[in-house]
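Colleague: By our numbering, the letter at position 230 of the sequence shown is numbered 230, and the numbering carries on one by one without gaps.
Check the hints yourself; a few may be wrong.
[Stated by the list, open to error] Subject to a maximum C-alpha distance of 25 Å in a straight line, what follows is the list of computed SDA-like cross-link-like pairs (lysine to any residue):
1) Lys204 <-> Arg222
2) Lys176 <-> Lys266
3) Lys176 <-> Ile150
4) Lys262 <-> Met18
5) Lys266 <-> Asp181
6) Lys124 <-> Glu69
7) Lys195 <-> Phe183
8) Lys266 <-> Cys179
9) Lys266 <-> Gly143
10) Lys124 <-> Thr86
11) Lys232 <-> Arg12
12) Lys176 <-> Glu69
13) Lys176 <-> Arg197
14) Lys124 <-> Gln175
15) Lys11 <-> Arg257
16) Lys266 <-> Asp213
17) Lys266 <-> Lys44
18) Lys266 <-> Pro79
19) Lys44 <-> Leu63
20) Lys246 <-> Pro202
21) Lys262 <-> Met42
22) Lys266 <-> Glu223
23) Lys124 <-> Asp181
24) Lys254 <-> Glu35
25) Lys204 <-> Val227
26) Lys204 <-> Asp240
27) Lys11 <-> Arg80
28) Lys124 <-> Ser53
[As the list claims (entries may be wrong)] Derived Cβ-Cβ restraints for the label pairs, each shown as a range:
29) Asp78 <-> Ser247: 28 to 38 Å
30) Ile50 <-> His243: 46 to 56 Å
31) Ser247 <-> Phe180: 37 to 47 Å
32) Gly143 <-> Ser120: 11 to 21 Å
33) Asp54 <-> Ser220: 42 to 52 Å
Think of the hints as simulated: they come from the structure by calculation, not from any bench.
Cβ coordinates follow ideal geometry from the N, Cα and C atoms, glycine included.
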Amino acid sequence: MPATYGWGYTKRYFDRLMWLSYSGWAWEFKRRDPELLRTYRMLKTRPVSIMRSDGSQLFRLRLPCQQSEQFGLQFLPDPRLSAYETPLFWLPHIMTSNLDAAGELGSRFAQSDEQLSLPSLPGKKSILISPGRRTKLAIAARGYAAQIAINAPSAPLPLGIYLTLKVGAGARMLQKVECFDQFARFCSGLHFDAKPRRGYAPIKLRQALTALDGWLSGASQREIAAVLFGAKLVYEDWNDGVHSYKSRTRRLIKKGRNLMEKDYLKLL
1 MPATYGWGYT KRYFDRLMWL SYSGWAWEFK RRDPELLRTY RMLKTRPVSI MRSDGSQLFR
61 LRLPCQQSEQ FGLQFLPDPR LSAYETPLFW LPHIMTSNLD AAGELGSRFA QSDEQLSLPS
121 LPGKKSILIS PGRRTKLAIA ARGYAAQIAI NAPSAPLPLG IYLTLKVGAG ARMLQKVECF
181 DQFARFCSGL HFDAKPRRGY APIKLRQALT ALDGWLSGAS QREIAAVLFG AKLVYEDWND
241 GVHSYKSRTR RLIKKGRNLM EKDYLKLL
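Produce the complete structure using the sequences and hints provided.
Modeller: Next up, the structure:
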């Protein structure tokens with residue numbers, strides 16, 4: 001049997017979370033929300049999906065899903081699935097790594113320019129077609145996630161396409177340029193420095209998620225602390241020790257609950 005780390009999850013599951021993108025972390029917290037679970041059970045609008053010959057997964061929504069959009073998603077994946085098991089399509093205005101692009105078939109490009117080949121892109125590729133919205137291409141890989149809203153010349157996306165990326169102006173211009181730079185380096189297989197966001201380092205998120213799972217299962221603060229820090233240390237230091245395990249556990253539970261309810265949007 002795999003070693004259990006927390007409440008129904010294996011240590012391997014929690015160790016693997018350390019390589020998630022922030023998009024994946026946002027889903028890991030939100031998929032535990034009882035309100036989202038209730039909404040998913042009542043959903044009538046679900047996408048149809050097929051696997052394409054290039055290995056990407058194509059999703060098609062017949063109608064916009066307002067119930068999903070209240071959580072910031074264009075459709076709700078099955079909450080039982082982790083971020084490694086399901087693609088995520090966040091609404092463009094809430095996701096930092098959302099790129100705007102126009103797809104071109106190539107008639108006005110120089111012969112030296114190369115098309116973006118979907119099969120050669122690293123990572124897991126998913127495409128969403130929905131009424132009244134642009135085609136979305138979601139890319140997920142170890143420690144990286146991006147979403148591209150494309151004015152596509154055809155639907156679904158061809159296997160090779162030119163993309164004209166749009167930056168715009170204003171305060172978010174530099175942020176978009178940085179996202180484009182990371183995307184270009186990712187597509188080329190080059191290293192890029194994805195710095196942890198302040199207050200949301202992966203180890204802190206894993207602790208908050210563990211504390212949240214304990215709270216949702218009805219465990220006591222002391223039981224949660226024993227999983228987080230070790231039963232022996234907590235026993236010796238619970239009431240008046242220098243390590244403040246009691247207050248640290250309380251703060252982690254609060255952080256986990258806040259991330260589940262609304263602060264998951266800050267991860268995007």
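Colleague: Now, for every hint given, state plainly whether the structure supports it.
Modeller: Evaluation of the provided hints:
1. Lys204 <-> Arg222: Holds, because 18 Å separates the two Cα atoms, which is no more than 25 Å.
2. Lys176 <-> Lys266: holds (17 Å)
3. Lys176 <-> Ile150: Given pair Lys176, Ile150 holds - Cα atoms ~15 Å apart, limit 25 Å.
4. Lys262 <-> Met18: holds (21 Å)
5. Lys266 <-> Asp181: Holds, at about 22 Å.
6. Lys124 <-> Glu69: Satisfied, since the Cα-Cα distance of roughly 23 Å is no more than 25 Å.
7. Lys195 <-> Phe183: Given pair Lys195, Phe183 holds - Cα atoms ~15 Å apart, limit 25 Å.
8. Lys266 <-> Cys179: Holds, at about 17 Å.
9. Lys266 <-> Gly143: holds (17 Å)
10. Lys124 <-> Thr86: holds (10 Å)
11. Lys232 <-> Arg12: Between Lys232 and Arg12 the Cα gap is close to 23 Å, so the pair holds against 25 Å.
12. Lys176 <-> Glu69: Distance ~23 Å between Lys176 and Glu69 Cα, so the pair holds.
13. Lys176 <-> Arg197: Judged against 25 Å, a Cα distance of about 17 Å means the pair holds.
14. Lys124 <-> Gln175: Roughly 24 Å separates the two Cα atoms, so the pair holds.
15. Lys11 <-> Arg257: Status holds; Cα separation ~21 Å.
16. Lys266 <-> Asp213: holds (20 Å)
17. Lys266 <-> Lys44: violated (28 Å)
18. Lys266 <-> Pro79: Holds, at about 20 Å.
19. Lys44 <-> Leu63: holds (10 Å)
20. Lys246 <-> Pro202: Holds. Lys246 to Pro202 sits at ~22 Å (cutoff 25 Å).
21. Lys262 <-> Met42: Holds - the C-alpha atoms of Met42 and Lys262 are around 21 Å apart, at most 25 Å.
22. Lys266 <-> Glu223: violated (29 Å)
23. Lys124 <-> Asp181: holds (19 Å)
24. Lys254 <-> Glu35: holds (18 Å)
25. Lys204 <-> Val227: holds (14 Å)
26. Lys204 <-> Asp240: With Cα atoms ~24 Å apart, Lys204 and Asp240 stay inside 25 Å; holds.
27. Lys11 <-> Arg80: holds (17 Å)
28. Lys124 <-> Ser53: holds (14 Å)
29. Asp78 <-> Ser247: 28 to 38 Å: Roughly 36 Å apart at Cβ, these two residues keep to the hinted range, so it holds.
30. Ile50 <-> His243: 46 to 56 Å: Hint holds: Cβ distance 53 Å, inside 46 to 56 Å.
31. Ser247 <-> Phe180: 37 to 47 Å: Given a distance of about 43 Å, which is inside 37 to 47 Å, the answer is holds.
32. Gly143 <-> Ser120: 11 to 21 Å: For Gly143 and Ser120 the Cβ distance comes to about 20 Å; the hint holds.
33. Asp54 <-> Ser220: 42 to 52 Å: holds (50 Å)
The structure fails to meet hints 17 and 22 from the earlier list, while all remaining hints are met.
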